[in-house]
Amino acid sequence: MDSRDNKVSLIEQKTLKSLILSSKNGDEQAFHLLYQRLNDPFFKYILSRTKDRDDAMDILQEVFIDLWKAFQTFQYNSDAQFYGFAFTIIKRKLEKHYKKPRSYDELDENSLEFSDTPDMERADDIRVLMTAIGGLKERDRTVIELHYWSGLTFGEIGKLINDKETTVKVRHHRALKLLESLLNKKEIKK
Amino acid sequence: MTEKKIHTLLKSIHIKPLTTEEKIRAWDQIRFGMAQSTAAATSKYKQETVSPFKKWAYVAVVFGLTTSSVFAAESSKPGDLLYPVDRAWENVQLTLSPASQQNTLKMNFALERVEEVREILKEVAAQRTATSIKKASLVLTGENNTITTTSISKAQTEEITKPENEDGVLSGVTTTATTTEVIGTTTTNTTLSNDNKKRIETALGTALSYLGDTKEEMVKQGDKEAVSYINFMFDQLNDQIETLPNDTTFNVDLSQSKKTVAFEVVSKDNKTTVQATVPENQNATSTENAKKTEPVSTKKIEIKDNSLNIIGKEIPEKPASSTEATSTND
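So the sequences go chain by chain: A and B.
Reading the first sequence from the start, the letters are residues 1 to 190 in this note's numbering.
Reading the second sequence from the start, the letters are residues 191 to 520 in this note's numbering.
These are calculated hints, taken from the structure and not from any lab test.
Any given hint could turn out to be false.
Unchecked claim - Lysine-lysine pairs mimicking DSS-like chemistry, simulated, CA-CA at most 25 Å apart:
{"#": "1", "chain 1": "A", "residue 1": "K137", "chain 2": "B", "residue 2": "K201"}
{"#": "2", "chain 1": "A", "residue 1": "K93", "chain 2": "B", "residue 2": "K213"}
{"#": "3", "chain 1": "B", "residue 1": "K194", "chain 2": "A", "residue 2": "K137"}
{"#": "4", "chain 1": "B", "residue 1": "K194", "chain 2": "A", "residue 2": "K69"}
{"#": "5", "chain 1": "A", "residue 1": "K51", "chain 2": "B", "residue 2": "K213"}
{"#": "6", "chain 1": "B", "residue 1": "K194", "chain 2": "B", "residue 2": "K267"}
{"#": "7", "chain 1": "A", "residue 1": "K24", "chain 2": "A", "residue 2": "K93"}
{"#": "8", "chain 1": "B", "residue 1": "K387", "chain 2": "B", "residue 2": "K267"}
{"#": "9", "chain 1": "A", "residue 1": "K164", "chain 2": "B", "residue 2": "K194"}
{"#": "10", "chain 1": "B", "residue 1": "K213", "chain 2": "A", "residue 2": "K24"}
{"#": "11", "chain 1": "A", "residue 1": "K96", "chain 2": "A", "residue 2": "K17"}
{"#": "12", "chain 1": "B", "residue 1": "K213", "chain 2": "A", "residue 2": "K169"}
{"#": "13", "chain 1": "A", "residue 1": "K137", "chain 2": "A", "residue 2": "K51"}
{"#": "14", "chain 1": "A", "residue 1": "K137", "chain 2": "A", "residue 2": "K169"}
Said to hold, decoys possible - Chain B stretches covered by chain A per the calculated footprint, using a threshold of three residues with CB under 8 Å from any CB of chain A:
{"#": "15", "region": "205 to 218"}
{"#": "16", "region": "221 to 227"}
{"#": "17", "region": "275 to 284"}
To be verified - Going by beta-carbon spacing under 8 Å, a handful of chain A positions derived as facing chain B:
{"#": "18", "residue": "I20"}
{"#": "19", "residue": "F43"}
{"#": "20", "residue": "L47"}
{"#": "21", "residue": "F64"}
{"#": "22", "residue": "F74"}
{"#": "23", "residue": "Y76"}
{"#": "24", "residue": "D79"}
{"#": "25", "residue": "K91"}
{"#": "26", "residue": "S111"}
{"#": "27", "residue": "T117"}
{"#": "28", "residue": "M120"}
{"#": "29", "residue": "D124"}
{"#": "30", "residue": "Y148"}
None of these values were measured; they are calculated from a predicted model.
Each residue gets a CB set at the ideal place from its N, CA and C atoms; glycine is no exception.
Isolated chain A, as found in the complex (with noise of 0.2 Å):
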């Protein structure tokens, strides 16, 4: 199954728009769309970054409440602004979760799924991929996350990040550069 055919599209503006103008007003079932709408990409973000499925859907939870809780004073300029401000309330959300003490560096493997079933050497590259990608500067790891495991396309991850749409295609490129020196690396040590 690829997650891109699941993949919540956020380009609908004029939906997305009426949605957040309708829980600004205490709409609570535009407000159960709007969740229905990015419940998706927003989880798989979190579970890349706190790697259990638990905290992730506890952090889920907890960024959907603040944004009700913020719709009372957010003033609506454009979706892109919308992404901004939900994807301030997430990394806020994770930064907590950071100092928290965890016991777990790597995803659980029954958090992930494969396009088909990976023989042992693919077994062993996908972990070494995933330790790697960890190893990337931020933003760069972020765009990886948003874009392979959130589904969301360059000019998406954009509004999210606060990029231009150029910038992150040059983030995405640079980070792939990046893991094939990374991995590479690896090996030649093997």
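We have chain A; now place chain B onto it with these hints.
Structure of chain B alone, referenced to chain A:
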């Protein structure tokens, strides 16, 4: 490994999305958080948009009370003299609000019932903890780098610092100070007074009755989200029930209005929960059907050693001396 291969590899890995069940569970929690936020806003709404005079007028007409009584009722809890006034004010709000907002208000009131239990348990716990401050002056005796304590405690408390031997001499201390002070605490009085026990029972009965009534109503309306919310309120209440003192039996009387709502006590994995069960055929509201499904007018719930059991399906006749704990709630 080439850049292209990395790209392909990355595209083949997916993080499992939330399952439908997880999404529902998460949304339940979010709704609860939203309700708390809305409840705070509603409270503000009461103060800002309804003038004190109007509020007094509505309630005083019914109860013939003074303005200060009505204000005092706002913070009252089950068992308090003015609690019926608070509940009456809720009914006034329901009557005056448009039909589209009534369920939202009822959800807020359900949250208030759970909060009332939480507050009462908190108050009772605070009363049971007799906190005293023990002040001791520590005097350096010099020779063996030991410190003796002179207690000027006002209450019988536990020892304030450790290690300390039986003579009250702190050993192994190498301070160079000549005097210092230590503030210590406390000990716990584990006795639960009859008054507090009664308060807990009344609050539990009030909350269970309200949640049961409201759940039944929402089931009849077919409002699944509201039912899910009420179930979540039950979960919150169950969390409180788990904090009840052990070795004490609580007799929780449910309101007499229960005709079709049954309360089940479920024990699983060493965890006990109380849930309301509403018969599926809610459209059949005939007396006959009500009789068939009626399991409850009063049930006795026993909480002992963290286990919760219903004693008897139904208590047919109440002892003359027994007080109906929830008689003021309907």
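query = If you draw a straight line from the CA of A:K51 to the CA of B:K213, is it 25 Å or shorter?
reply = holds (18 Å)
request  = For the pair we were handed, A:K96 and A:K17, check the Cα-Cα distance against 25 Å.
outcome  = violated (29 Å)
task = With a C-beta cutoff of 8 Å, work out whether three or more residues of the region 205 to 218 of chain B approach chain A closely enough for the coverage to hold.
result = Coverage by chain A holds for the region 205 to 218 of chain B (9 residues, Cβ < 8 Å).
ask   = Can A:F64 be said to touch chain B, with a Cβ gap under 8 Å?
value = Nearest chain B Cβ about 5 Å off; hint holds.
task = May I ask you to test the interface hint for A:F43 with respect to chain B, counting a Cβ-Cβ separation under 8 Å as satisfied?
result = holds (5 Å)
key: Holds or violated: B:K387 to B:K267, with C-alpha atoms at most 25 Å apart   = holds (14 Å)
message = Hinted pair, alpha-carbon criterion (25 Å max): A:K93, B:K213. Please report holds or violated.
response = holds (19 Å)
request  = Could you grab the alpha-carbon distance between A:K137 and A:K51 and see if it respects the 25 Å cut-off?
outcome  = Distance ~18 Å between A:K137 and A:K51 Cα, so the pair holds.
ask   = Minimum Cβ distance from A:M120 to chain B below 8 Å?
value = For A:M120, the interface hint is violated, since the closest Cβ of chain B sits about 14 Å away, which is over 8 Å.
Closest C-beta approach of A:L47 to chain B relative to 8 Å, hint status = holds (6 Å)
key: Cut-off 8 Å, beta-carbon criterion: hint that A:D124 touches chain B   = Violated - the Cβ of A:D124 stays beyond 8 Å from chain B, reaching only about 11 Å at its closest.
request  = Would you settle whether the hint for A:Y76 is holds or violated, based on the nearest Cβ-Cβ distance to chain B being less than 8 Å?
outcome  = violated (19 Å)
Going down the numbered hints, you'll see the structure goes against 4, 6, 11, 12, 17, 18, 22, 23, 24, 25, 27, 28 and 29, while the others check out.
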